[in-house]
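The listed protein sequences derive, respectively, from chains E and S.
Under the numbering used here, the letters of the first sequence match residues 1 to 144, in that order.
Under the numbering used here, the letters of the second sequence match residues 1 to 144, in that order.
I should point out that these hints are in silico values taken from the structure, not numbers from a laboratory.
Treat each hint with caution, since some may be false.
Each pair may be met inside one copy or between any two copies, as identical chains are not told apart.
Claimed, not checked - With a straight-line cut-off of 27 angstroms between C-alpha atoms, the simulated BS3-like cross-links for lysine-lysine are:
id, residue 1, residue 2
1, Lys14, Lys141
2, Lys32, Lys141
3, Lys64, Lys112
4, Lys141, Lys61
5, Lys103, Lys120
6, Lys143, Lys32
7, Lys10, Lys93
8, Lys10, Lys143
9, Lys32, Lys112
10, Lys143, Lys61
11, Lys120, Lys14
12, Lys143, Lys64
13, Lys112, Lys93
14, Lys32, Lys130
Number of protein chains: 2
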Amino acid sequence: MLNPMVAALKQAEKAAHIEEVPVGAVIIYNQKIIAQAHNLVCQSHDPTAHAEILALREASKQLKTPYLDGCDLYVTLEPCAMCAAAISWARIKRLYFGAYDPKGGAVEHNAKIFDYSFHKPEVIGGIYEKECAELIATFFKAKR
Amino acid sequence: MLNPMVAALKQAEKAAHIEEVPVGAVIIYNQKIIAQAHNLVCQSHDPTAHAEILALREASKQLKTPYLDGCDLYVTLEPCAMCAAAISWARIKRLYFGAYDPKGGAVEHNAKIFDYSFHKPEVIGGIYEKECAELIATFFKAKR
């Protein structure tokens, strides 16, 4: 299996190519990738279409349950409050994220969702941090 | 037009009939209901299928944009962190909710999402509070 964060980075690159914010997410179950997605807010006209939400919906569809107890989620950017809370509702076991997001992140910053949620995944931040952060920085630099 | 909170309550009742947590949501644009939905987490195998998320996705589809600037959202229960953050991403103008939720709500309680979000809707809580709370209480009482 491809390193899950490398797979998530590939998803993020796909997003950049179609002018979506370059964030990618991958869900692992039994050491296999069962869902992968990237941000698709603009093209799908869906404010909730963040990479994590789309990956969670796909994994739940695959496993035919809204509860992904045995699953790990990899995402290139620290999740926002919406995604962090969705990760908690889905009972994700471990959350691995790449770049920290002091402005919009809600895991280590701001609303710190898991301080309040019923289910708290194990959290590991800073995986492939440099690569993940660079993708985002390059994207927004080109937008200016 | 039916009172929007009454329409949201009707949605919540539909949810109760199919054994989903009875929460309903309605989105108003130009004084018309453009989206209405109820919780559908179990039946759709989707951890993100809360009433608000489904209504936001439907309204965005209708208006062909992820940004619902001129829209108001009515929901029978104080939104959780996932839904409150989604409401913020969608730039909903006014949020009306029914029952307060000290345990799972994240508007007036817990993570208080709008204290951190870029976009903060105007918030009016306690609309049809008694009716909305009773639906939830009856549902969970029957489950015990």
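Comparing the hints with the structure gives:
no., hint, result
1, Lys14 <-> Lys141, "within (17 angstroms within a copy, 48 angstroms between copies)"
2, Lys32 <-> Lys141, "neither (35 angstroms within a copy, 40 angstroms between copies)"
3, Lys64 <-> Lys112, "neither (29 angstroms within a copy, 32 angstroms between copies)"
4, Lys141 <-> Lys61, "neither (36 angstroms within a copy, 30 angstroms between copies)"
5, Lys103 <-> Lys120, "both (22 angstroms within a copy, 15 angstroms between copies)"
6, Lys143 <-> Lys32, "neither (35 angstroms within a copy, 36 angstroms between copies)"
7, Lys10 <-> Lys93, "within (23 angstroms within a copy, 36 angstroms between copies)"
8, Lys10 <-> Lys143, "within (20 angstroms within a copy, 44 angstroms between copies)"
9, Lys32 <-> Lys112, "neither (29 angstroms within a copy, 36 angstroms between copies)"
10, Lys143 <-> Lys61, "between (35 angstroms within a copy, 26 angstroms between copies)"
11, Lys120 <-> Lys14, "neither (30 angstroms within a copy, 31 angstroms between copies)"
12, Lys143 <-> Lys64, "between (39 angstroms within a copy, 23 angstroms between copies)"
13, Lys112 <-> Lys93, "both (17 angstroms within a copy, 25 angstroms between copies)"
14, Lys32 <-> Lys130, "within (25 angstroms within a copy, 47 angstroms between copies)"
When held up to the earlier numbered hints, the structure conflicts with 2, 3, 4, 6, 9 and 11 and fits the remainder.
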